[in-house]
Amino acid sequence: MAFAGKAALLAASFCASLLTAGHASAAQCGNNAGGFENWKAQFSREAASRGIGQRGLNALANTRYASKTIAADRGQKSFKLTLKSFMQKRGSNAIVSRGKGMKKKYARLFANIEQRYGVPAGPLIAIWGMETGFGGFLGNQNIVSAVATLAYDCRRSEFFTGHLYGALTMVDRGMLDPNAKGAAHGEIGQTQFLPGNALKYGVDGDGNGRVDMIRSQADALASTANFLRAHGWQRGAGYQPGQPNFRAIQGWNAASVYQQAIAIMAKEIDG
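Take the sequence shown: its letter number 122 is residue 122 in the working numbering, and every next letter is one higher.
Derived from the structure by calculation, the hints contain no laboratory data.
Just so you know, not all the hints are guaranteed correct.
Okay, derived cross-link-like pairs now, SDA-like style, lysine to any residue, Cα gap no bigger than 25 Å in a straight line [claimed, not checked]:
{"no.": "1", "residue 1": "LYS104", "residue 2": "SER256"}
{"no.": "2", "residue 1": "LYS200", "residue 2": "ARG98"}
{"no.": "3", "residue 1": "LYS200", "residue 2": "ALA94"}
{"no.": "4", "residue 1": "LYS100", "residue 2": "GLN259"}
{"no.": "5", "residue 1": "LYS84", "residue 2": "ALA230"}
{"no.": "6", "residue 1": "LYS103", "residue 2": "THR132"}
{"no.": "7", "residue 1": "LYS68", "residue 2": "GLY30"}
{"no.": "8", "residue 1": "LYS68", "residue 2": "ARG90"}
{"no.": "9", "residue 1": "LYS181", "residue 2": "GLU158"}
{"no.": "10", "residue 1": "LYS267", "residue 2": "ARG247"}
{"no.": "11", "residue 1": "LYS100", "residue 2": "SER85"}
{"no.": "12", "residue 1": "LYS181", "residue 2": "LYS84"}
{"no.": "13", "residue 1": "LYS89", "residue 2": "ARG74"}
{"no.": "14", "residue 1": "LYS103", "residue 2": "GLN217"}
{"no.": "15", "residue 1": "LYS89", "residue 2": "GLN240"}
{"no.": "16", "residue 1": "LYS68", "residue 2": "GLY136"}
{"no.": "17", "residue 1": "LYS80", "residue 2": "ARG64"}
{"no.": "18", "residue 1": "LYS80", "residue 2": "LYS200"}
{"no.": "19", "residue 1": "LYS89", "residue 2": "ARG235"}
{"no.": "20", "residue 1": "LYS267", "residue 2": "GLY242"}
{"no.": "21", "residue 1": "LYS84", "residue 2": "GLU158"}
{"no.": "22", "residue 1": "LYS100", "residue 2": "GLY135"}
{"no.": "23", "residue 1": "LYS84", "residue 2": "ASN58"}
{"no.": "24", "residue 1": "LYS104", "residue 2": "GLY75"}
{"no.": "25", "residue 1": "LYS89", "residue 2": "LYS103"}
{"no.": "26", "residue 1": "LYS100", "residue 2": "ASN112"}
With these hints in hand, go ahead and build the complete structure from the sequences.
What follows is the structure, encoded as structure tokens:
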């Protein structure tokens, strides 16, 4: 899920309103590593006053400035490609081929998800394949450090402040290991939820009483379906551009080429 997606913005606003009464952190942002430790101290006091518990505060204290996250944030180029080039770069043919196999392998899971949320297998599989290669690579950056770095960075401090509160809340609730690894912007798990979205839309898809986006494929896929339903997915309606459910896909990611690629691959997977 791209950090710039409309849904990510909604989740950031949700977390900010829930835990910060709608106001961005007053801690002083910065544009390099120099002020990060001072910012952490300020933010920690604010977080404590707004309900973050000791586990969350300890996770924040142990974060490091994520220079690789900043580099990735400044260097995004693939969303500027043409649709054809984007799909080639992301390996759409391989995603479709493997995706058809995943649809058969997890047929019962996808049937249960569709019955519950109204979302068919194709879009979920396309997102799963696009985001992590079906769980093959979930990222190698510390999630809390990545999100804290972006909350500190002046470029989008307000936006990522909400997601940082989401991550710290998840740590407090035992939903996220403070040492867990994710993608460059702190995206979590099989389908790459930002923490604010994981907190808001995460559901228990395997029935074990916990929500685990990282280890549980069922949780991640059911949560993705829950997200799409919350963003207007209509049971039985089409999801190609111009059809009702395409707007839910647009909610997942703001990049037009990504949206179109998901719709194309999903249609091929669903057959």
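Verification of the supplied hints:
1. Our distance criterion of 25 Å between C-alpha atoms is broken by LYS104 and SER256, whose separation comes to about 29 Å.
2. Pair hint LYS200 plus ARG98 does not hold up; C-alpha atoms about 30 Å apart against a cutoff of 25 Å.
3. The straight-line distance between the Cα atoms of LYS200 and ALA94 is roughly 31 Å, outside the 25 Å bound, and the hint therefore fails.
4. The hinted pair formed by LYS100 and GLN259 meets the criterion: a straight-line CA distance of about 19 Å does not exceed 25 Å.
5. Among the hinted pairs, LYS84 with ALA230 is inconsistent with the structure: their alpha-carbon atoms are about 30 Å apart, more than 25 Å.
6. Straight-line distance between C-alpha atoms of LYS103 and THR132 comes to about 16 Å, which keeps the hinted pair within the 25 Å bound.
7. Taken as a hint, the LYS68 and GLY30 pair is honoured in the structure, with Cα atoms around 16 Å apart against an allowance of 25 Å.
8. With a C-alpha separation of about 21 Å, the suggested pairing of LYS68 with ARG90 holds against the 25 Å cut-off.
9. Annotation: proposed proximity of LYS181 to GLU158 holds, straight-line Cα distance about 23 Å (limit 25 Å).
10. A threshold of 25 Å between alpha carbons decides the hint, and for LYS267 with ARG247 the separation of about 16 Å falls inside it, so the pair holds.
11. Between LYS100 and SER85 the alpha-carbon distance is near 22 Å, which keeps this suggested pair within the 25 Å criterion.
12. For the suggested pair LYS181 and LYS84, the alpha carbons sit about 31 Å apart, so the restraint of at most 25 Å is broken.
13. Using a Cα cut-off of 25 Å, the hinted pair LYS89 and ARG74 holds, with the two alpha carbons roughly 19 Å apart.
14. Between LYS103 and GLN217, the direct Cα distance comes to roughly 13 Å. Compliance with the 25 Å bound is thereby established for this hinted pair.
15. At most 25 Å may separate the alpha-carbon atoms for a hinted pair to count; LYS89 and GLN240 meet this at roughly 21 Å.
16. About 20 Å separates the Cα atoms of LYS68 and GLY136, which keeps this hinted pair within 25 Å; it holds.
17. A distance of roughly 30 Å separates the Cα atoms of LYS80 and ARG64; the hinted pair therefore is violated under the 25 Å criterion.
18. Restraint check: the Cα-Cα separation between LYS80 and LYS200 comes to about 30 Å, which exceeds 25 Å; the hinted pair is violated.
19. Of the supplied pair hints, the one linking LYS89 and ARG235 is violated, its CA atoms being roughly 31 Å apart against a limit of 25 Å.
20. For a cut-off of 25 Å, the pair hint linking LYS267 to GLY242 stands: about 14 Å separates their Cα positions.
21. Straight-line distance between C-alpha atoms of LYS84 and GLU158 comes to about 34 Å, which puts the hinted pair past the 25 Å bound.
22. Among the hinted pairs, LYS100 with GLY135 is consistent with the structure: their alpha-carbon atoms are about 16 Å apart, no more than 25 Å.
23. Taking the CA atoms of LYS84 and ASN58, the gap is about 45 Å. The hint is violated against a cut of 25 Å.
24. With a CA separation close to 37 Å, the supplied pair LYS104 and GLY75 exceeds the 25 Å bound.
25. The suggested pairing of LYS89 with LYS103 holds, with an alpha-carbon distance near 23 Å, which does not exceed 25 Å.
26. The hinted pair formed by LYS100 and ASN112 meets the criterion: a straight-line CA distance of about 17 Å does not exceed 25 Å.
Hints 1, 2, 3, 5, 12, 17, 18, 19, 21, 23, 24 from the earlier list are contradicted by this structure; the remaining hints agree with it.
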